[in-house]
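Trainee: Just need the whole structure built from these sequences, with the hints factored in.
Respectively, the protein sequence lines represent chains A and B.
So that you can map any letter, position 15 of the first sequence is 225 in the working numbering, and since no number is skipped, the others follow by simple counting.
So that you can map any letter, position 298 of the second sequence is 302 in the working numbering, and since no number is skipped, the others follow by simple counting.
One or more hints might be untrue.
[Stated by the list, open to error] So the derived label-pair ranges between C-beta atoms look like this: (1) A:301 with B:162: 37 to 47 Å; (2) B:311 with A:255: 58 to 68 Å; (3) A:255 with B:227: 43 to 53 Å; (4) A:292 with B:90: 53 to 63 Å; (5) B:202 with A:295: 48 to 58 Å; (6) A:218 with B:161: 47 to 57 Å; (7) A:295 with B:175: 31 to 41 Å; (8) A:293 with B:290: 51 to 61 Å; (9) B:33 with A:296: 25 to 35 Å; (10) B:249 with A:296: 57 to 67 Å; (11) B:101 with A:260: 37 to 47 Å.
The hints are simulated quantities; they were obtained by calculation from the structure and are not laboratory data.
These numbers were taken from a predicted model, which means no experiment stands behind them.
Every residue, glycine too, gets a C-beta built ideally from N, C-alpha and C.
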Amino acid sequence: MSAEPIAPASMIRVKLPAHLRALAGVGREFAVPVDGPVTQRSVLDAVEAAYPMLRGTLRDQRTYARRPMVRFFALEQDLSHEPMDDPLPDAVQQGTEPFWVIGAIAGG
Amino acid sequence: MSGVRVLVGTTKGGFVLTSDEARQEWAVSPPIFPGMEVFHIKASPVDPNRIYAGQSSDWFGQIMHRSDDGGQTWQTVGNAFAYDGVPGTHQWYDGTPHPWDFRRVWHLEPSPHDVDTVYAGVEDAALFRSTDGGQTWQELSGLRTHTTGNSWQPGAGGLCLHTILLHPTDPNRIVVAISAAGAFRSDDGGETWLPINKGLRSSYIPDEDAEVGHCVHNLAMHPSRPDTLFMQKHWDVMRSDDAGGQWHEVSGNLPSDFGFPIGVHAHEPETVYVVPITSDEHHFPPEGKLRVYRSRGGGNDWEALTDGLPQENCYVNILRDAMAIDRLPSCGVYFGTTGGQVYVSPDSGDTWQTIVHDLPRVLSVEVQTLP
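Mentor: This is the structure:
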């Protein structure tokens, strides 16, 4: 009996604000593997697993609530207030569009 | 050849300033953690290569760093500061209950006994300790859960634990200060705490001599006399000779007894430094003259130190953690300003020179005396 084929992880493109790029030592865009459903939660889990120094910078480490001045976007849509377990748009899942983390604009 | 390494935290990064024993020629590093608020950088007294740094951001929260090579390279360490249990509330500015909420690390105090032990004073006020070089942090919650804790109110800068004094030989003795709750002491390694505010009078609170509620700005201690504490309160410079059991005022002839930092000479336990500021309304020096005041008798009788400091049109402030004192034979005194200047006196305050003119707003200054 042969084993069930293992679905390959989706490679999700991610963009971070400049300060977090410096902290994580990544370029303007990078990709992380996500197993299973591609949601905001699973992408953030994958980002934090790949770059542990980002823990606590995007969401609270205990409650996993989004930090108030951090916003999540995809295809120019603000996902910050959408359910964390909703599937991300197909284009993000297929790797044709990135998942964007943006620092809220505050100040001049 | 001996020298010094000055660790400067600013609103836009940290800086390392180095010099030899003469402290005349300085090397200024490029910014570390550029663009980010660096509240405090402090080195271990046990190993001068071990340095801890706290980086804070309203956007991305608290980030902690550690260097094991004297600041040449840095690694991120743990940044999970979780209050024990259900934190409850303290008072907000208007007296209403406000949930305890971690904002940032204000002050890092590495242990004089163990290189991997470091304390962190945080906002909202609590004391954390790491015993693994900053990888994990545990709250010493006996402080925050003191019976007075739910009555603590923030000062203008927030409800921050900004000062940590560790006894040079007794690891069980810890003294901390919180704005605007006051000073507290533990004699059992941080398990239980005693408010140590007797003798303080604060006209800006309804009960002027309350057990807690005083806006203590900074404390200082000489390691050879750990029971003698000096305090710069919101107003008033104070002194205690029984580890905070009783305080008395030593403001004496200061032009203003409002200010933020206070420090003690490395080799003269009765020589104390403050930087008077006009008032809580006017956070700049009196008469536009930047003057450090020195008392050689433990307070009351103060002399102005002005040689090399601007004596006209100076309207900067010196924040509570922005003064430091080295341990070279000719004791050096350092401070940084909200205008981005860092000054040094290599001769106990007699003369001053500017190390660097144009840093971002200086939040903290620490100095390492290197062999």
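Trainee: Determine for every hint whether it applies to the structure shown.
Mentor: Hint-by-hint comparison with the structure:
1. A beta carbon spacing of about 43 Å between residue 301 of chain A and residue 162 of chain B agrees with the range 37 to 47 Å that was offered as a hint.
2. Checked against the given bound of 58 to 68 Å, the beta carbons of residue 311 of chain B and residue 255 of chain A, roughly 59 Å apart, stay inside it.
3. In this structure, residue 255 of chain A and residue 227 of chain B meet the distance hint of 43 to 53 Å, their C-beta atoms being roughly 47 Å apart.
4. Judged by the Cβ atoms, the range 53 to 63 Å given for residue 292 of chain A and residue 90 of chain B is violated: they are separated by roughly 29 Å.
5. A hinted range of 48 to 58 Å holds for the C-beta pair residue 202 of chain B and residue 295 of chain A, which are about 55 Å apart.
6. The hinted window of 47 to 57 Å between residue 218 of chain A and residue 161 of chain B holds, with their beta carbons roughly 52 Å apart.
7. In this structure, residue 295 of chain A and residue 175 of chain B break the distance hint of 31 to 41 Å, their C-beta atoms being roughly 47 Å apart.
8. The hint said 51 to 61 Å for the Cβ distance between residue 293 of chain A and residue 290 of chain B, and at roughly 58 Å that hint holds.
9. Separated by about 46 Å at the C-beta atoms, residue 33 of chain B and residue 296 of chain A break the suggested range of 25 to 35 Å.
10. Checking the proposed 57 to 67 Å range against residue 249 of chain B and residue 296 of chain A shows it holds: the Cβ atoms sit about 60 Å from each other.
11. A beta carbon spacing of about 40 Å between residue 101 of chain B and residue 260 of chain A agrees with the range 37 to 47 Å that was offered as a hint.
Hints 4, 7, 9 from the earlier list are contradicted by this structure; the remaining hints agree with it.
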